[in-house]
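Undergrad: Take the two lone chains, each set in its own frame, and fit them into one complex as the hints suggest.
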Amino acid sequence: MWKSLVAAVALLAVSGSTHAASAVNKDAETRTLIVTEGGSKSDLALAAGETVEFCPNGCFVTLPNGDLEALTGSETVEISGGVARIK
Amino acid sequence: MAVSIKDRQFQIAFAARVAIKIMIFRLHRLILILALVFSALHPFDATAQALGQGAAGLITDQQKVIQGLTAKTDDLEKKIQQDGEDDASLVDIRLQLEGLSRAALTGALAFRSRLNDINNRIETLGPPPAAGQPQEPDIVTGERQALASEKAEINAVVASAQNLSIRISGLIDRIGSMRSELFRNLLTKRYVLSDALSPQVFSDARDEFDNFYKAVSSWLSFAFKFKFQAVLAATFVALGLALVLLVGGRRLFGRVFEADPTNEDPSYLSRLSVAFWSTLLPTMAVGVFLASTVFFFNYYNVLRGDIGLFLNALAAVIGVVFCVNRLTNAALEPRLPNWRLIPVETGPARWLARLTTAMAVVIGVNYFLSVVNDKMGSPLSLIIARSFGATIIVGVILILMAMLRPFKAHDGSWRPWPAWLRYTSLALGLFTIVAALLGYIGLALFVSQQVVVTGTALVTAYIGFLSARAIGEEGAFTNTSVGRWLSANSSYEDTALDQLGLVVSVAINVMIVLVFLPLILLMWGFQPGDIEAWAYKLATGINIGSVTISVTGILSGIVVFIIGYFLTRWFQGWLDGSVMARGKVDTGVRNSIRLAVGYAGVALAALVGISAAGIDLSSLALVAGALSLGIGFGLQNVVSNFVSGLILLAERPFKVGDWIVAGDVSGTVKKISVRATEIETFQRQSVILPNSNLINNAVGNWTHRNKLGRIDIKVGVAYGSDVKQVHAVLLDIARSHPLVLKNPEPFVLFSNFGPAALEFDIRVFLADVMNGNIAQNDIRFAVLEKFSGEHIEIPSTPRAVVDVHKPKAWPTDDDKIEADFAEQEQAKMEAAAEARRAAKTGRKVRKPDPD
Numbered sequence: 001m002w003k004s005l006v007a008a009v010a011l012l013a014v015s016g017s018t019h020a021a022s023a024v025n026k027d028a029e030t031r032t033l034i035v036t037e038g039g040s041k042s043d044l045a046l047a048a049g050e051t052v053e054f055c056p057n058g059c060f061v062t063l064p065n066g067d068l069e070a071l072t073g074s075e076t077v078e079i080s081g082g083v084a085r086i087k
Numbered sequence: 001m002a003v004s005i006k007d008r009q010f011q012i013a014f015a016a017r018v019a020i021k022i023m024i025f026r027l028h029r030l031i032l033i034l035a036l037v038f039s040a041l042h043p044f045d046a047t048a049q050a051l052g053q054g055a056a057g058l059i060t061d062q063q064k065v066i067q068g069l070t071a072k073t074d075d076l077e078k079k080i081q082q083d084g085e086d087d088a089s090l091v092d093i094r095l096q097l098e099g100l101s102r103a104a105l106t107g108a109l110a111f112r113s114r115l116n117d118i119n120n121r122i123e124t125l126g127p128p129p130a131a132g133q134p135q136e137p138d139i140v141t142g143e144r145q146a147l148a149s150e151k152a153e154i155n156a157v158v159a160s161a162q163n164l165s166i167r168i169s170g171l172i173d174r175i176g177s178m179r180s181e182l183f184r185n186l187l188t189k190r191y192v193l194s195d196a197l198s199p200q201v202f203s204d205a206r207d208e209f210d211n212f213y214k215a216v217s218s219w220l221s222f223a224f225k226f227k228f229q230a231v232l233a234a235t236f237v238a239l240g241l242a243l244v245l246l247v248g249g250r251r252l253f254g255r256v257f258e259a260d261p262t263n264e265d266p267s268y269l270s271r272l273s274v275a276f277w278s279t280l281l282p283t284m285a286v287g288v289f290l291a292s293t294v295f296f297f298n299y300y301n302v303l304r305g306d307i308g309l310f311l312n313a314l315a316a317v318i319g320v321v322f323c324v325n326r327l328t329n330a331a332l333e334p335r336l337p338n339w340r341l342i343p344v345e346t347g348p349a350r351w352l353a354r355l356t357t358a359m360a361v362v363i364g365v366n367y368f369l370s371v372v373n374d375k376m377g378s379p380l381s382l383i384i385a386r387s388f389g390a391t392i393i394v395g396v397i398l399i400l401m402a403m404l405r406p407f408k409a410h411d412g413s414w415r416p417w418p419a420w421l422r423y424t425s426l427a428l429g430l431f432t433i434v435a436a437l438l439g440y441i442g443l444a445l446f447v448s449q450q451v452v453v454t455g456t457a458l459v460t461a462y463i464g465f466l467s468a469r470a471i472g473e474e475g476a477f478t479n480t481s482v483g484r485w486l487s488a489n490s491s492y493e494d495t496a497l498d499q500l501g502l503v504v505s506v507a508i509n510v511m512i513v514l515v516f517l518p519l520i521l522l523m524w525g526f527q528p529g530d531i532e533a534w535a536y537k538l539a540t541g542i543n544i545g546s547v548t549i550s551v552t553g554i555l556s557g558i559v560v561f562i563i564g565y566f567l568t569r570w571f572q573g574w575l576d577g578s579v580m581a582r583g584k585v586d587t588g589v590r591n592s593i594r595l596a597v598g599y600a601g602v603a604l605a606a607l608v609g610i611s612a613a614g615i616d617l618s619s620l621a622l623v624a625g626a627l628s629l630g631i632g633f634g635l636q637n638v639v640s641n642f643v644s645g646l647i648l649l650a651e652r653p654f655k656v657g658d659w660i661v662a663g664d665v666s667g668t669v670k671k672i673s674v675r676a677t678e679i680e681t682f683q684r685q686s687v688i689l690p691n692s693n694l695i696n697n698a699v700g701n702w703t704h705r706n707k708l709g710r711i712d713i714k715v716g717v718a719y720g721s722d723v724k725q726v727h728a729v730l731l732d733i734a735r736s737h738p739l740v741l742k743n744p745e746p747f748v749l750f751s752n753f754g755p756a757a758l759e760f761d762i763r764v765f766l767a768d769v770m771n772g773n774i775a776q777n778d779i780r781f782a783v784l785e786k787f788s789g790e791h792i793e794i795p796s797t798p799r800a801v802v803d804v805h806k807p808k809a810w811p812t813d814d815d816k817i818e819a820d821f822a823e824q825e826q827a828k829m830e831a832a833a834e835a836r837r838a839a840k841t842g843r844k845v846r847k848p849d850p851d
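So the sequences go chain by chain: V and B. Residue numbering for the first sequence follows my numbering, beginning at 1 and increasing consecutively. Residue numbering for the second sequence follows my numbering, beginning at 1 and increasing consecutively.
One chain only, chain B, in its complex shape (with noise of 0.2 Å):
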């Protein structure tokens, strides 16, 4: 036993040891590449001749490796033969025969570089001279023989490696057939009950307890009298441990621990937490008491032979016991019918977790027993009888909970299950009964023992699944103790947490799955060693046809694009903050440096990632090659902006900050990406303009090199003035202003003989053109009060007198305000009509659009 764990373990961190190697083949592919092209430039010679020194020890080392497989082959090949009837055994074996199977090919791997260099030099050689040819030197024929008398050797070593994989292949597939056949006479055995059910049977159970009895007895005695402290220490200990284990889960989760009698109306995330940790906190504790007992007592030397296995059946039995009945009374609350996860009444709730407690001491105490049998080395016919009796029992529970009416009606009247139900639980209790009459007593318990673990897995998974929808709710999360504590104590806010609650919800789905699939799998005599064997294959690869899917390659691809992604923006981050702020870059230049690396810097982790996931893009370039026709024609736009954009950021014609006026909009940047630009205007409106737009077309820019602008504007004076007295005051007016630039020097334009004025532009240079409204309306003010004071006009634009003719007003008809009021009522009538129609069809009154 200790020898097939061991190479259990062996197993287990081979498969680990392959799978990280596939990892780190992938990763350095690239830097494996390079490497081989390094070495590639050394002369070949040196490499064949340092490698010919050693060929014949590699000959000789290999021949015994492969001789040592054999032997274990062997040796495997008894045990098959005696361990026949054994399950567990049977697939251990097998475990290790993959093992040896890839042993053997690893073997003969360690020749491909010798034979390679055989072959080359062989070549190099060239054929043996035909008849007619002059001879060759002897040295060169010698050499030839040698070489081909060692790849005849090789040969043959590689051979014998062949023939143990196809023997092993062999030796695996007559383990399966075995294992099938096994598990069809377990299920389609048939015992003759008349033997077992005979009077003769009682007596053999009362010697079986005698023998059971005296065993245990001089055991407790031998135990009282040499082993007493160690026993008391041990139990103590464990004691202990459950306590701490129990009010230490009392003191972390006890708000959720406890049902709360006085809730009226809990609601059924709380009623599902309480039904969950009050399974899982005892039960855990128990189990962890159990668990200690037996190593402590094994730890102290307590144990004798089969005690040790009584013992740990015992345990296993009480654990299982113990876990079923804390799980109907949480799931059911006999006692407190608001807190109930399944809404069944109070009386048939209370017989509901009588039955499903009783079913599992059933079966649990059959399964003691039966260990019990197997080490006393029973006589079949009492074996059968147990197996008998549990069987009927089983099966009589279930048709008594399938008669069971759980629900009442609005009328009073008691309600069965659902029929699905109802007829899946009297089928099973029949078909287990019918089973044992005939005599097909493995059947029936194989059923019988089904029903009750894998249906507390399924119930316990199903509630899972409940409580993760139930999680899953919008605002759910929010209102749990978690949920709580994170809004307290955390910046998130609701929608973050809502969310939060969807991945938790997500996460706790994956978790049953992983959980409860492989529990499941074990309890319908899937041994271990199977599983292991499917999550080996699924993590190297499951070939489907010519496809092959590996979960290693998939989960390593996206780890390290994960990866690359985060060193990504750590590295954006330094080189923004540390180096670019240092070196006092222009943000402009910064964010388009910023960009681009997070741009480049994504699309390189992905390609790693992507070949570190053993995918193949040769084989992705077929379907792109299909698609880019359509993909040309449908993300024509999306393309074009996307070029654009990086033309954007190479070329720069504005950066993040600029004021910059693209056809209607006129705003300033607040951000460059890849698809389009934002723009604010000044009155706060952003404007998310594609790319294409800024590079196709012609896009002003107020602040491109320097912040620098000329601001205009027009005064017109009377016609009379002092024209010359007026261009002193305005040049006088802009030069004084303290924003206006003193070169390009401030200059006055007499502009235009207007039709009502003369007309002057001032027009002065600004440091920074964002200022340009204040300059404007300081110098309009300057200009109003100094030509109120030097007495200079400013014509205002007469407007035209137009004389309005109105209209003579209707004589006074009383035929006519009659026909007036007629006619609006009739329209009053017809809208009243069309809204109550408009009204009746649902449809709403439209607003007219706003301009």
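Bound-form chain V, shown alone (with noise of 0.2 Å):
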């Protein structure tokens, strides 16, 4: 019996996971978002029509459009048209 609630626990705890922020690219071409985070800068590309989970505890990021905005991690990036909308 233990084993089994302790199977569950763990079952609830990996599928917990949304608290990364993702990013989804809604356009027929690559987007770029520049992540900043815990010290480093890195290019985050998205293929035409892909959804990516980044950015688990805060960072910055730069939209397509050259705005800088911070994320607390629980957002969703959401780029259509070339513009991206922060949910």
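Just so you know, these hints were derived from the structure itself, not from any lab. Glycine included, each C-beta is placed from N, C-alpha and C at the ideal position. Errors might be hidden in some of the hints.
As the list claims (entries may be wrong) - Each pair of labels, with its calculated beta carbon distance range:
hint, chain 1, residue 1, chain 2, residue 2, range
1, B, Thr454, V, Gly39, 51 to 59 Å
2, V, Ser40, B, Gln499, 51 to 59 Å
3, V, Glu78, B, Phe526, 37 to 45 Å
4, B, Leu252, V, Ser40, 29 to 37 Å
TA: Shown next, in the form of structure tokens:
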């Protein structure tokens, strides 16, 4: 019984993955976000229609239009028509 | 120091606030969505204008915030360089830096809505006209430019926050490498022993002791002259507190506290509890005495500068030595062999207790002297000499312990410790001595301290685990004092108490892990800040790959589910007991509604709990999709029964208490649950009938709308009787019975010219068909009585008389008898041989199954 309980809790824990922010590219071409996380900048290239989870503990993101935004790690960045929106 | 404590408190408060915020956020996610929907209905421009007025203020505000954070970071960077040698302060700085990083992020977040508004507005304005197109009004150009410049300002502020966070990350990395460097230095630094062990050390030590003596004696004379009353008061108050604790503890736990020397064979559990309490209570009393002494001395301003530090160190040393001594004495009980936890002999037990205490004293004294040296600014050679002496002594003690032969074999010879324990102890002792001799004093000291302190913690934790296991054993909890008290004062059964014991044992295990894991980590050189940072990470979520594990999320989900569950149960009870009972609702309907409400409530609680735990159901959907085919096949029956159960609740072809006939089963419905329905036959056999049977097959219900029912009683009269008279008599009997309804009228049917009799059927209707047997009995008795009075015969079917042809007996024949007897003997012997074979193979001779 304990084993199954532990297994259930582990399953719940593993599936609880809503903390990270996610980025969705709804355009037909590749879009790039510049993510600053933990002291380093990196390019996050999103292929057409791709969804990527990133930035679990807060980060800064440079959007395609040059805007710099802070993310806490629970948002969704949606890119459509070259414009990114944070939801 | 005060500042750093304050900041630490701020950190903790911040972490707690964030955790609470996350929980609240999830709880109200639905409400938030609703609120968003409503707010979206408002005209957008109004909010944009309202926000636009405060925008300039927002930018300057946030600029100031970021500047403040940058200034704090500058201070901390300077502090890193200053306190580069102090591990604890480095950890503290790291915690503060993490807080600053979060604050920078939060500061940058403040612009999100404004930036959103600006982008929307720019989009509404459209792009500036191209070269050939007509000019746009100046007001539009102006607004576009104003928006663009505001956006540029905002971006500049956010960029400064970003730079700050990058810088802070760099600093945190630097602190990490500095700390590992520090630790490496501590362990690998080699001192030159020839300086430390020269005669010079003795004169240094004498100077040092004189200084210390002067400091203490001057403080003592000061205390006696000016603060004598305060010292007395503080000491007495502290003593009083300790006494209250000790005496109160003895009164409360007196029975389990003292080992009873007359007890020949105490149970393992009672030995454990005696060991535990006789360690805990005196240690707590001494700890309270020491802590309150220091506290009251501080309170009355008796302490002065370094004396306070000395007193703190002394108190810690006395506390640890006392605790180690109590623990070894409790576990080994040199005086009472029956109460010993570890089955060593008496002589070695005494030696073990002495050696352990000596080791604790050496380590303690060394620690106290290190505080003194630190405060007095002693020469390095003295410090090295002190540490050298302490580590060599600890090493020797460890080797002595390993050489001890604590067990006695059956033939009286002494047996050593188990090999792994002996060699570990030997290796540790040799390692310490060799390291000290080679000059690696830091390493040797670290190892010897860990041996004493971690060893004590591990032994205590191990005893705790053992007691948890002993409590968890079957029937053990009932025999404890708490178990006896519970069984005397509550209505718990033995099995319930046993399960409670299991729960207690699991709780003890969890508690031990929660208490001792951080304790051991602390001793292994991790700073409280480290553990705090881990706890914070654990609470907000750890990342493994792209997966985040969050303890607060899971806990909040579980808590929400439990609250939802109990709310449902309460609502169920209230609806059933207060509303529906008062409303005179039919029991069956009540039952159905109660069940439906219960299932809906639990399902709702589970859903809310899962969403509060932050579990994305969409990630489960993939798994569910893959499994659904398999589940569909495997759980076909269960699902079909479940759905049937829901239909039964909605349609209500029968309710609890109904008399139904389903196939071969006839009885009263006891309980309708979601998978199956419990029916009690009139023989009091419970039949669990899957719900799908009740939905798919015909179910007869005697008491569906009402309990009205007809019973038929067959009566036969002899040929030649007056049938008219018989009819009248039977009708009269039926009508005169009190249970028989007047409407529908009783009816007597002349049903058949039977082979032996003229057959009549009495058909009567009863208001409650459950009384059928009583009515049938009464009517049959009455029929017999009336018929014998009226001389009406009831014929019994005559049996056919059969002439049985008996076979002729065998002629008396000795040969035949002898042959039979031999055959019987043979059969008997074979049977005996068969029985022996069966017994040999261990198979039991099976009884035939009952029909």
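Undergrad: Kindly indicate which numbered hints from before are broken by the structure, ordering the numbers from low to high.
TA: Going through the list in order, the structure violates hints 1, 4 and respects the others.
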